[in-house]
Every structure is written in C-alpha cells, then in structure tokens.
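Undergrad: Respectively, the protein sequence lines represent chains A and B. Going letter by letter, the first sequence gives residues 1 to 115 in the numbering used here. Going letter by letter, the second sequence gives residues 116 to 227 in the numbering used here.
The set of hints was computed from the structure by calculation and includes no laboratory data. Be aware that a few hints might be false.
Unchecked claim - Pairwise CB distance ranges (calculated): (1) A:Q84 to B:G155: 15 to 25 Å; (2) A:S58 to B:S122: 19 to 29 Å; (3) B:T190 to A:L39: 31 to 41 Å; (4) A:E85 to B:H193: 15 to 25 Å; (5) B:G172 to A:Q83: 36 to 46 Å; (6) A:R64 to B:K170: 41 to 51 Å; (7) B:H193 to A:G99: 43 to 53 Å; (8) B:G172 to A:R111: 43 to 53 Å; (9) A:S53 to B:N125: 35 to 45 Å.
To be verified - No more than 20 Å apart at the CA atoms, straight line, and that leaves these computed lysine to aspartate or glutamate pairs for EDC-like: (10) B:K226 to B:E182; (11) A:K57 to A:E44; (12) A:K15 to A:E85; (13) B:K168 to A:E102; (14) B:K170 to A:D24; (15) B:K169 to A:E102; (16) B:K169 to B:E182; (17) A:K17 to A:D56; (18) A:K11 to A:D24.
Ideal Cβ placement from N, Cα and C applies to all residues, glycine included.
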Amino acid sequence: GAGVSQSPSNKVTEKGKDVELRCDPISGHTALYWYRQSLGQGLEFLIYFQGNSAPDKSGLPSDRFSAERTGGSVSTLTIQRTQQEDSAVYLCASSSQSGGWETQYFGPGTRLLVL
Amino acid sequence: KNEVEQSPQNLTAQEGEFITINCSYSVGISALHWLQQHPGGGIVSLFMLSSGKKKHGRLIATINIQEKHSSLHITASHPRDSAVYICAVCPQGSGNTGKLIFGQGTTLQVKP
Numbered sequence: 001g002a003g004v005s006q007s008p009s010n011k012v013t014e015k016g017k018d019v020e021l022r023c024d025p026i027s028g029h030t031a032l033y034w035y036r037q038s039l040g041q042g043l044e045f046l047i048y049f050q051g052n053s054a055p056d057k058s059g060l061p062s063d064r065f066s067a068e069r070t071g072g073s074v075s076t077l078t079i080q081r082t083q084q085e086d087s088a089v090y091l092c093a094s095s096s097q098s099g100g101w102e103t104q105y106f107g108p109g110t111r112l113l114v115l
Numbered sequence: 116k117n118e119v120e121q122s123p124q125n126l127t128a129q130e131g132e133f134i135t136i137n138c139s140y141s142v143g144i145s146a147l148h149w150l151q152q153h154p155g156g157g158i159v160s161l162f163m164l165s166s167g168k169k170k171h172g173r174l175i176a177t178i179n180i181q182e183k184h185s186s187l188h189i190t191a192s193h194p195r196d197s198a199v200y201i202c203a204v205c206p207q208g209s210g211n212t213g214k215l216i217f218g219q220g221t222t223l224q225v226k227p
C-alpha cells in the first residue's frame, strides 16, 4: 500500500512568511510524529499525535510552530514568521499504534529553505 | 553531552568487510531503533530492539540494556550498504508515545 507522503517536497520562502507543511500518514495509522533534521544536525522530535490530539508538543522550538491533525489522518505543520534557522528537512512518520516498540514509517520529508 | 552517542561518525570500508556501528545512551529506554537513511532518500526502519539480538539478512543488531549499549553489524558489506545509520531510543516514560531521541548518525561508505 501507499507509504507516508509529504508535500511539498521542497519549499523556498522569504524570512517572515508563514509556511504550511502537509503529511499524509499510512491509512489506519493512529500515531503520527513530526521530526526536524537541520543541516549537520541529527533528527529532533517536534510533536506527536495520537488520533487528533497532541499529547506531546514538547519538541516544538517556539510558539511560531503549531500543528494539527484532522480526521485522524492528515496533519499540517505550520511555521509562522519563518526565520533562517527554521531551514531544515521536516520529516513525518506514522505507526499503527503509539509506543516505542512500534515501527515508525517515515515520509520523504519537506526540505524548507528560508531566505 | 547528547543522550544518544554513536561511533564512529564516519566509516569507510572495502566491499566484503565486517562493519560495526556502536550506540551508547544515557537514559532508561523502552526500546531502541536502528534506522537507515540513503543520500537524498527517506528513512527506513531496520530494527527495533528491547533486548537481546535480531538478525535480518546481513544485518545484525544487539543490545545490552545493563550497559546501555547497542551495536549494528553488517556482514559481507556491499557498496549498496552505503548510507547514514541512525540509532534512536524511546525513553522510559515516553514509552506510550513512541517519541524518539536520535543519535547523530554514522555515515558509512563501502567501496568496491
């Protein structure tokens, strides 16, 4: 079946603009994760969804970052007033259930460049 | 100090060599994952471990919970194994969420 998809694959924006990044998880997966991979840095956790609720938002770096998930499926990560340090690859992953013992399936990522 | 440390950061091997990548962590965990990231490509989950050892093809992963250490071994390495290998842990207390903390990754190049 289809894997995790993300759009756009690449996004170039000007500093101060808002951007929306979309994630379509594998159908039926209840858990959804957003991660960020900055140039030369490792992956870092941003936010976790179980269904439509986000019990763990601890990784969001500032209040400019928000995310929502509707219908237990598609998720959108929004970055307001983008800054150059927001430039990174934003990755989405989903798993059939929550839990550290579940395999996470990663999307191809959205490469964001803030000029 | 990062909670998850990998070594080496970079590794170059000749085709056919046996390869070991190490991962040490400083927190209690519910599970440890090994991931593979090809250049320009997505991330693929290789293993999930909570104890012992797992094998898949030429890949073997082991974990020692008491020593907070895991290793990923590749036998009979091949150029197509060239990728970044990432160790990630799910901290205890985060077990119900699946939230992962990642190592910095090990970049492996296997030369023909």
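Undergrad: Each hint: holds or not?
TA: Structure-based check of each hint:
no., hint, result
1, A:Q84 to B:G155: 15 to 25 Å, "holds, 23 Å"
2, A:S58 to B:S122: 19 to 29 Å, "holds, 28 Å"
3, B:T190 to A:L39: 31 to 41 Å, "holds, 33 Å"
4, A:E85 to B:H193: 15 to 25 Å, "violated, 38 Å"
5, B:G172 to A:Q83: 36 to 46 Å, "holds, 43 Å"
6, A:R64 to B:K170: 41 to 51 Å, "holds, 45 Å"
7, B:H193 to A:G99: 43 to 53 Å, "violated, 33 Å"
8, B:G172 to A:R111: 43 to 53 Å, "violated, 31 Å"
9, A:S53 to B:N125: 35 to 45 Å, "holds, 41 Å"
10, B:K226 to B:E182, "violated, 33 Å"
11, A:K57 to A:E44, "holds, 12 Å"
12, A:K15 to A:E85, "holds, 10 Å"
13, B:K168 to A:E102, "holds, 17 Å"
14, B:K170 to A:D24, "violated, 31 Å"
15, B:K169 to A:E102, "holds, 15 Å"
16, B:K169 to B:E182, "holds, 18 Å"
17, A:K17 to A:D56, "violated, 26 Å"
18, A:K11 to A:D24, "holds, 17 Å"
Violation of the numbered hints given earlier is confined to hints 4, 7, 8, 10, 14 and 17; the remaining hints are satisfied by the structure.
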